[in-house]
Amino acid sequence: MIYREAGQYKTSYLSDSQIFPIAQDRYAVAALLVIAFIAVPLFASAYIFSAILIPFLIFSLATLGLNILTGYAGQLSLGTAAFMAVGAFASYNFMLRVPGMPVLLAFVLGGICAALVGILFGLPSLRIRGFYLAASTLATQFFVVWCLTKVPWFTNNSSSGVITAQQVEILGYKFETPQDKYLLVLGIVCVMALLAKNMVRSTVGRSWMAVRDMDVAAEVIGFRIMKTKLTAFAVSSFYCGVAGALYAYCYLGTVEPEAYNLDLSFRILFMVIIGGVGSILGSFLGAGFIVLLPIALSIIVHYTGLPNSVTSNLELMVFGALIIFFLIVEPHGLARLWQIGKEKLRLWPFPH
Amino acid sequence: MSAPSAEIACDTFPRLLLQHASKRPNAPALREKYLGIWQTWSWAETAAEVRAMASGLAALGFKRGDHLAIIGDNRPRLYMAFAAAQSLGGIAVPMYQDAVAVEMMHVLEDAEIRFAVVEDQEQVDKLLEARESRPQIEHIIFADPRGLRSYDAPGLMSLEALRSAGATFDQAHPGRYEREVALGKTADVSVMLYTSGTTGKPKGVCQSHEAFITAARGGVQFDKLVATDNTLSYLPMAWVGDHLFSYAQFLVAGFTVNCPESADTVMTDLREIGPTYYFAPPRVFESLLTSLSIRMEDASHIKQRLYNAFMKVALRCGSDILNGRAVSAKDRLLYALGNVLVYGPLKNTLGMSRIRVAYTAGAAIGPDLFRFYRSIGINLKQLYGSTETCAYVCLQPDGEIKFDSVGKAAPGVEVKIADNGEVLVRGAMVLKEYYKRPDATAESIDSAGYFRTGDAGVFDSDGHLKIIDRAKDVGHLLSGEMFAPNYIENKLKFFSHIQEAVCFGNDRDHVVAFINIDLTAVGNWAERRHIVYSGYIDLAGKDEVVALIKDCVEKVNAELATEGELASSQIARFLILHKELDPDDDELTRTRKVRRGFIAEKYEPLLSALYSGKTVQHIETQVKFEDGRTGSIAADVKISDAKRLPALGKAAA
Amino acid sequence: MDILNSDAVKYFITVLAAGLLTGVMYALVALGFVLIYKASGVFNFAQGAMVFFAALTVAGLNEKFGLSLWLAVPITIVVMVALGFLTERIVLRPLVNQHEITLFMATIGLTFFIEGLAQLLWGSNVRTLDLGIQDVPFQWLIDNTGILISQFDLIAAGICALLVGALALLFNKTKIGRALRAVADDHQAALSVGIPLQHVWGIVWAVAGFVALVAGLLWGSRNGVQFALTFVALKALPVLILGGFTSVPGAIVGGLIIGASEKLAEVYLGPYVGGGIEGWFPYVLALLFLLVRPEGLFGEKIIRRI
Amino acid sequence: MSGAGVGRREIGDVILKVDNISLRFGGVKALTDISFDVREHEIRAIIGPNGAGKSSMLNVINGVYTPQQGSITFRGEQRRDMNTHEAAENGIARTFQNIALFTGMTVLDNIMTGRNLKIKSTFIEQAFWLGRARREEIENRKKVEEIIDFLQLQSVRKTPVARLPYGIKKRVELARALAAEPTMLLLDEPMAGMNVEEKQDMCRFVLDTNDQFGTTIVLIEHDMGVVMDISDRVVVLDYGKKIGDGTPTEVRNNPDVIKAYLGAH
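Protein chains in written order, with numbering that gives the first Met the number 0: chain Y, 0 to 351; chain V, 0 to 652; chain L, 0 to 305; chain F, 0 to 264.
FYI, nobody ran anything at the bench for these hints, they're computed from the structure.
Think of the CB as a built atom: it goes at the ideal place given N, C-alpha and C, for glycine as much as any other residue.
If we take Cβ atoms under 8 Å as the criterion, some of the chain V residues that face chain Y in the derived model are:
hint: 1; residue: Trp37
hint: 2; residue: Thr39
hint: 3; residue: Arg270
hint: 4; residue: Glu271
hint: 5; residue: Met295
hint: 6; residue: Asp297
hint: 7; residue: Ala298
hint: 8; residue: Ser299
hint: 9; residue: Lys302
hint: 10; residue: Val341
hint: 11; residue: Pro344
hint: 12; residue: Leu345
hint: 13; residue: Asn347
hint: 14; residue: Thr348
hint: 15; residue: Ser352
hint: 16; residue: Arg353
Straight-line alpha carbon distances no greater than 25 Å define the calculated DSS-like cross-link-like pairs of lysine-lysine that follow:
hint: 17; chain 1: Y; residue 1: Lys9; chain 2: F; residue 2: Lys141
hint: 18; chain 1: V; residue 1: Lys465; chain 2: V; residue 2: Lys407
hint: 19; chain 1: Y; residue 1: Lys343; chain 2: F; residue 2: Lys157
hint: 20; chain 1: Y; residue 1: Lys9; chain 2: F; residue 2: Lys157
hint: 21; chain 1: F; residue 1: Lys198; chain 2: V; residue 2: Lys623
hint: 22; chain 1: Y; residue 1: Lys343; chain 2: V; residue 2: Lys311
hint: 23; chain 1: F; residue 1: Lys119; chain 2: Y; residue 2: Lys226
Required output: the full structure, derived from the provided sequences and hints.
Following this line, the structure appears as structure tokens:
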């Protein structure tokens with residue numbers, strides 16, 4: 000309905016392969032960025048920043064990471080939180096042990112450490128597939144958290160195993176308020192989402208999807224299966240690692256290895272499923288949905304006068320039911336619903 | 000003659016091209032969707048290509064006055080070939096690309112074609128076959144080399160090779176190209192378009208640069224066309240309309256012509272380009288509306304209601320708003336809302352949201368159809384013209400749109416009605432002559448220089464011309480009343496269920512009709528009523544369908560009853576033909592006009608059955624399939640009576 | 000024969016036996032997985048949640064309504080069978096013919112749902128479940144060999160053995176069992192000879208629910224009825240990787256290997272690395288094993304044709 | 000459609016030679032002692048009844064299966080067996096009997112995957128959409144568009160392949176194989192399941208490919224009419240053994256072949 004595409008023709012491959020080929024989409028995204036970077040910081044409260052927006056952005060990034068691996072490359076992982084943990088604790092140690100370490104570099108290095116661990120634990124994917132692989136990624140989950148708990152060096156000999164993230168300072172500017180942290184996270188997430196989009200629209204993304212859809216054919220046309228899968232593990236883990244570091248530095252502040260438990264892994268998997276397997280946009284939608292759902296539930300529970308303990312159990316049930324619902328009704332999640340809606344708007348008033 | 004200067008008059012197409020190339024070298028001239036994107040030629044590039052092609056032709060011995068056949072789909076390089084031939088003082092002869100070999104043969108021979116620029120292997124094959132009996136075809140130049148690598152026929156070369164030969168030739172003969180262009184005179188014949196000819200062999204209509212430039216200038220001025228306009232060229236290049244819109248006006252106004260990727264993708268390409276200036280014959284608008292209605296039928300209930308409600312608003316006030324008349328504030332508001340919710344998106348999905356001016360011509364357009372497009376805000380207008388008048392005689396001025404007229408005489412055109420009702424035209428756009436047919440030329444241009452259009456028409460009180468029929472088709476019933484078959488046929492064809500109609504009645508006591516149903520529309524109608532059918536023949540024979548058509552026929556009768564003398568032309572009996580009329584079977588011309596005489600002869604048993612009172616007639620017909628084989632179809636055709644009303648005018652008198 | 004009598008060896012045997020007996024209980028959980036996987040190709044991640052749900056229901060009925068075990072257990076059996084049927088009906092039937100990963104993810108959703116439901120119904124505090132069996136060393140063995148083995152573990156192992164035996168009978172001797180095996184071998188073929196596939200799947204889910212109940216009772220009375228029970232099910236995963244997803248004997252042998260190796264690793268390796276390795280050791284073991292033999296000990300090698 | 004060999008590229012030297020290939024799956028013998036050669040620029044058909052080992056033969060040539068015995072000589076280089084990746088790098092492309100497209104991608108992306116070996120930029124360059132990555136993307140898009148044009152897939156360019164009709168899917172698979180600019184193309188039943196018109200189109204595309212790019216083509220086909228029309232030489236397999244080899248006419252008159260075919264039907 001709002002789309003007016005007549006007259007939007009492409010005279011070069013560059014303009015044909017841009018991320019948002021439709022002008023209206025470009026305007027909408029530009030408007031959204033303006034709102035996110037300018038309007039929101041002006042008007043949002045500290046609660047909204049720290050309870051909704053910051054976790055939403057961080058989870059989006061982690062979901063994006065898992066989506067690269069699961070959605071694009073077709074490798075199911077239940078160890079997302081472990082890669083996040085590696086990113087967080089590696090960043091912490093880089094900051095701690097390297098004097099003058101810039102915090103952004105520490106995040107990147109944390110991500111790289113996560114990527115290396117990802118490659119290591121991705122090795123089995125060369126021989127096994129499906130839920131054998133999923134089961135084996137659980138090994139990552141348990142092993143990494145155990146390691147971080149048991150090896151005191153990682154937590155700087157903290158007796159409780161809890162670390163406190165260092166002050167975030169970039170070029171002398173200290174990121175202290177929730178608003179500052181929101182802007183930092185937003186900036187990082189935007190850049191990384193852009194990079195992810197670039198990857199999935201290039202050869203590397205096509206190699207992931209090819210391996211996902213038909214690995215024998217992918218091999219026959221010249222993709223190297225091993226390289227492709229390990230790249231997916233590395234990139235995915237890098238994203239999760241950075242998300243894990245942000246989780247520690249910009250959200251929790253103090254954190255113990257157990258914060259990155261299996262439950263978090265599942266939660267991020269849910270975001271992928273509900274948001275949309277194999278969709279960058281879906282990662283954001285899924286994260287938004289799962290961040291907002293408990294808040295909505297607790298409001299409902301509060302108004303219906305049920306005991307608060309109900310909320311957490313109800314949350315589990317609703318999550319579970321939603322997963323099943325989406326898998327049955329719309330396996331490509333909210334992103335597909337969005338896409339269908341958009342198609343309808345483009346064709347409006349015609350049905351097809 | 001001295002070397003050309005910038006001051007040279009822009010009165011030939013090559014000089015117009017050079018002018019654009021020097022004034023706006025980087026502006027887009029031609030675009031073609033090729034390899035997935037819109038490849039663009041700027042005016043400078045276009046001029047350079049034309050120069051290379053022209054030089055290449057010159058190197059091959061193409062001389063002033065030579066004819067260059069151009070055959071293929073609408074492609075930028077083929078349009079350039081027109082200019083290349085004209086640069087050398089040659090004459091472009093575009094030919095219908097889907098014509099069968101026999102038809103092509105006549106033109107090739109008549110125009111003494113020695114040179115041809117063609118699109119692809121398909122056309123090369125046709126020409127090579129033609130050459131076996133017409134050895135004068137010396138040079139065949141093809142644009143798309145696909146599949147032609149192993150051909151080694153003499154005189155066959157690629158456009159690429161022609162251009163590089165041209166570049167070499169150009170270097171060896173500096174200034175030659177400029178001299179050739181400067182030699183061109185505005186009165187020279189620039190193009191020869193073959194008339195479709197409902198009877199007899201096609202005649203070559205010789206048009207000068209001046210004729211087409213005058214016609215184009217008139218249109219450009221009339222509709223304020225500018226260099227930033229865009230058109231989509233998808234109608235045959237051999238057709239006068241395309242030559243006016245995609246070549247003459249293109250060079251006069253300097254707008255951009257866009258060529259679609261393939262015949263399958265015209266609709267998508269139309270949507271992508273979103274032309275600002277658009278031309279289509281009524282049948283295109285009609286099939287668009289048909290497919291639109293079919294698509295809407297699948298829409299959800301809410302959408303349908305929304306659509307219907309706002310279409311009502313549009314039909315009530317849309318045309319008035321477009322014509323700039325006074326409309327109530329409430330209607331304006333509703334229309335604005337409708338524009339957001341329905342018309343805007345509708346135009347957008349059709350690729351018509353940027354259209355400033357759209358034209359239709361070539362056949363009569365149904366009032367409902369016409370009203371529909373205008374009501375949703377598309378400035379659709381009718382024009383009247385013919386190959387002999389550069390498709391330019393009458394135009395509808397903005398704000399003065401009437402559904403049943405073709406508008407006022409265009410700038411620079413004199414129109415008058417002869418005593419026998421025939422429309423006569425005089426002006427620069429009238430043809431120079433029919434090629435090698437002084438008899439025909441003399442017959443169609445009178446001593447005062449008026450061209451006989453062959454159409455019967457009248458001027459209404461506002462000075463708008465209304466075309467009734469072909470003058471020669473206008474006949475008389477035995478009772479002496481006027482009988483205008485086309486007029487009746489068009490009324491029938493305005494019903495979406497009727498694809499074609501052929502009426503007979505000259506020198507008879509009443510009118511009868513052959514009808515072709517529209518397979519898509521009637522098929523859909525049948526599906527919704529759960530009527531099972533296997534194909535055209537089966538569907539055409541269904542009683543329900545006969546009843547449907549009978550209803551249409553009777554509505555036409557009711558209209559005719561109000562139109563004075565024509566009231567006697569009400570259809571007494573009709574039948575639904577068992578096969579679709581087809582140009583391949585010579586029943587229609589390439590421009591889809593019915594060949595009434597031929598049809599009457601071919602289906603003689605049916606015609607006599609109509610006049611004999613039979614209710615069923617068996618018939619067997621030869622048909623030609625796409626691959627050239629022939630076969631026959633047989634059917635028992637049902638014949639029905641239609642109710643006729645007393646003439647209203649007469650009853651009152 | 001002195002070596003056998005040395006303390007070190009006795010200790011080793013004690014640890015090994017304890018591990019093996021735990022392994023039997025792992026095997027019991029794994030059995031639930033195998034049943035469903037064999038019949039319907041679904042990797043039922045929710046098996047652990049079903050174990051938890053069963054144990055909590057028994058404990059809850061016992062605690063909240065004061066029902067004795069003799070009453071609570073039959074009621075729970077009915078509940079579990081119903082849960083199994085419903086799961087098959089609501090969750091899996093609409094997903095039939097979907098990719099196995101999709102089914103797997105659906106069972107993860109199911110896991111959350113069941114866990115939430117269990118705690119919503121019965122609360123989330125830790126409960127004890129007393130089956131009347133003491134978790135004390137078996138005196139006779141201490142007296143005669145000096146090896147400490149839990150009486151509870153022995154009895155639990157006995158129950159497991161009984162259950163496995165019963166299932167074996169069910170599979171091999173009854174009509175339903177034959178249908179089940181036919182379905183497991185080839186869905187299409189089973190359908191074409193007129194075996195009601197969905198009927199069979201319903202039964203399998205019901206049986207899996209029953210197996211979950213037995214496992215829940217044993218694990219619950221041993222470790223207390225709490226959320227951590229769901230992690231026991233996670234232990235079944237390496238068992239399955241080792242044994243192969245489709246093999247009943249595989250589940251048993253795999254369970255024994257995992258049970259024994261994790262205890263041995265904890266006791267002999269743990270102290271050097273800070274302990275707590277039970278949590279991940281089975282996984283890493285299974286992972287290493289996978290690299291050597293991706294189809295598991297008893298699984299069938301898959302030849303992919305193109 | 001022009002007849003076999005008319006005006007096509009001149010047939011060159013032997014480009015592929017398989018010697019004494021034997022392949023077993025467990026105890027089942029799929030191929031026994033097969034030898035034949037393929038010459039540059041020719042269209043070589045492999046025919047035979049169902050289960051004759053035709054697909055297995057292609058799988059051996061491009062390294063999906065490893066034969067237990069024999070050797071393969073490709074472009075003068077003799078080896079025990081081919082490895083899939085080497086085969087791709089050496090310019091062997093193929094299509095599959097059961098369409099093996101990447102169902103989650105559009106036609107364009109599917110064909111783009113065929114060009115992966117031409118891409119030199121790393122994933123980091125691609126992530127940043129830097130000079131080389133972007134340039135390669137555009138250069139390869141252009142090549143792909145030429146193939147889309149060649150196989151007349153313009154109208155479905157951006158359609159997800161899952162939505163396409165069968166015949167078009169087959170064509171997209173051919174396009175993906177052609178995108179690699181192969182020296183040798185292995186086609187596994189390219190016309191299976193098609194109607195007459197689609198078959199004609201596909202025949203034309205195969206001949207055009209051979210003509211335009213000089214690609215050597217090895218194809219498996221059931222339709223004897225097609226095989227006789229378009230191939231230069233034919234190998235006949237039956238129960239994993241070679242029972243005939245020669246021009247279409249020779250093969251047609253070979254008594255063993257006649258027997259195998261009559262026996263099979």
